[in-house]
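Listed below, chain by chain, are the residues.
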Amino acid sequence: MLGLSPLPATTAAQPPATPRDALTLVRQALAALEVSPPDVAVATERVLKALFAQDTRGVDMPRVRDAAQALGAEDAMAAAAYLMKALRPAETAPAGVDRALLVPVRPRFAATPAAYGLLAAAALLIGAGILIARE
Amino acid sequence: MTLPSHWKRVWTAVDARLALHNFLYEVPAYANTLPYVLGAITLAGLVILVGTGILLGQFYVPDPSAANQSIRAIITQVPAGQVIRGIHIWAAHLTVVVLLLHVVRVYATGAYRFPREANWAVGAALLATMLALFYTGTVLRWDQLGIEALKHNIAFAALLGVFGGWFSPAFSNHVPLLTRLYMAHVSLLPLLLFILLITHIYLVRQHGISAPLTRSEPAAVRYTFAQHLKKAAGYGCIMLGLALALSVIFPVGEGAAPVSGIEVTKPPWLFLPLYGLENLFGLQGLWGAVAFFLWLLAVPILDRDRAPGWNGRRRALTAGAAVLAALTGLGMFAWLTQPVAHFH
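Line by line, the protein sequences are chains A and B.
Quick note on the working numbering: the first sequence kicks off at 1 and runs consecutively.
Quick note on the working numbering: the second sequence kicks off at 136 and runs consecutively.
These are calculated hints, taken from the structure and not from any lab test.
Hints may be right or wrong, so weigh each one.
Said to hold, decoys possible - Chain B stretches covered by chain A per the calculated footprint, using a threshold of three residues with CB under 8 angstroms from any CB of chain A:
(1) 207-220
(2) 368-376
(3) 386-400
As the list claims (entries may be wrong) - A few chain A residues that don't get close to chain B, going by computed Cβ distances all over 12 angstroms:
(4) L48
(5) F52
(6) R57
(7) D60
(8) M61
(9) R65
(10) D66
(11) A68
(12) Q69
(13) A73
(14) E74
(15) M77
(16) K85
(17) R88
(18) P89
What the hints assert, rightly or not - Pair by pair, the computed Cβ-Cβ distance ranges are:
(19) A:A121 - B:A454: 42 to 50 angstroms
(20) A:P104 - B:V475: 17 to 25 angstroms
(21) A:A120 - B:T453: 46 to 54 angstroms
(22) B:W404 - A:A41: 19 to 27 angstroms
(23) A:P104 - B:R340: 46 to 54 angstroms
(24) B:G447 - A:A41: 51 to 59 angstroms
(25) B:W404 - A:I130: 22 to 30 angstroms
(26) B:N308 - A:A115: 41 to 49 angstroms
(27) B:T211 - A:A120: 20 to 28 angstroms
(28) B:Q473 - A:R20: 24 to 32 angstroms
(29) B:A424 - A:G117: 40 to 48 angstroms
(30) B:F194 - A:G117: 21 to 29 angstroms
(31) A:P113 - B:A454: 49 to 57 angstroms
Each residue gets a CB set at the ideal place from its N, CA and C atoms; glycine is no exception.
Working from the sequences, and respecting the hints, build out all of it.
Written out as structure tokens, the structure reads:
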């Protein structure tokens, strides 16, 4: 439905410990780079395996090579960008993925009137709470 | 309680039907001090969690192929979805903090001793249920952290052997484990929590609120249980305000759609001690959770000291401090080290 298979539907049949297809390996490398701090060692291992994978469906391999070079230069951000580009979108290849779902959503504090309104409501709640608790 | 006459009439009419005067029984003055209201504040936190959880449940899809996407939709498309999810998650953290403080207070003052041993056991079960709710909530995120937490569920099932049936994916082959954990998060565990809570409150009512070790009760001051609840509601307002402020200042995001086969995340702070044990002893370290709860259950049996006041608490407090230090040390160890692969 979303062109993405995070996990087999039942997880009853466990996937092999080390996948052999480049698509899964690249996604694993990407996941390792998206944590804070990025796990470059795991990402490098997965990218190297992906380079030698026989099943490369859904993956733009020259981009994986670029990612390997970026990892060699310890540039995790560039490597993640290359890996993202290496993943072909779902609509163009049967084994592709929905790249939108591979980008974490990281909202930040927005200095908008709505945000300040909510903060004012929070302050009111805290104030009312203090009054009730002290009464 | 002095009320204007029209409110008095309303109160009389409502009380005649709901027998609310039963909540006006007297409680000691110390019961309205912060250390003794922590349990009631936890209850207020649960009310916030249930309310926001019901709202989130309308938009969450508990299926592995759509869960991550549905959380993104909650954040970006559902009106106030991001704030409601933020309140739910921050309130969960705050509630667990308050609950742990409550446990520490009960332990420190020896409130588990006769005749409250059974209520201590119920409290331990409540703590376990709360941790299970926190854990299943983590899985429901369905990002890399969520899928790695799910792997621990499967590993724990294997450790439990024949007793791990329900936790295993093989229990129901055609229903994803994520869906079953969602069911546990929204129905099974809340139901269990409710039953345990009712039992806990009933036993508190029967035995009364345990007395402090040193303070004497000023005879002139009289409080009712309704005032105790009112105080807890006040602290509940503060908690809601804090959760709202935190959800605006530090909005909660969502990780990328998960991929299995790697371990690159660490669990939430609450589970870091267990993660530390796992780093030291492998998956067998998960038995540490079982050992901790067995110790909690055994506390009233192990503590035979009946001397009054803080003098009678020396050994128990030393043991408690040792456990707390071990948990903190393990947590710090896990926090400072790189994520470790336990499965692959």
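* **Hint check, failures only** => The structure conflicts with no hint, since it agrees with every one listed earlier.
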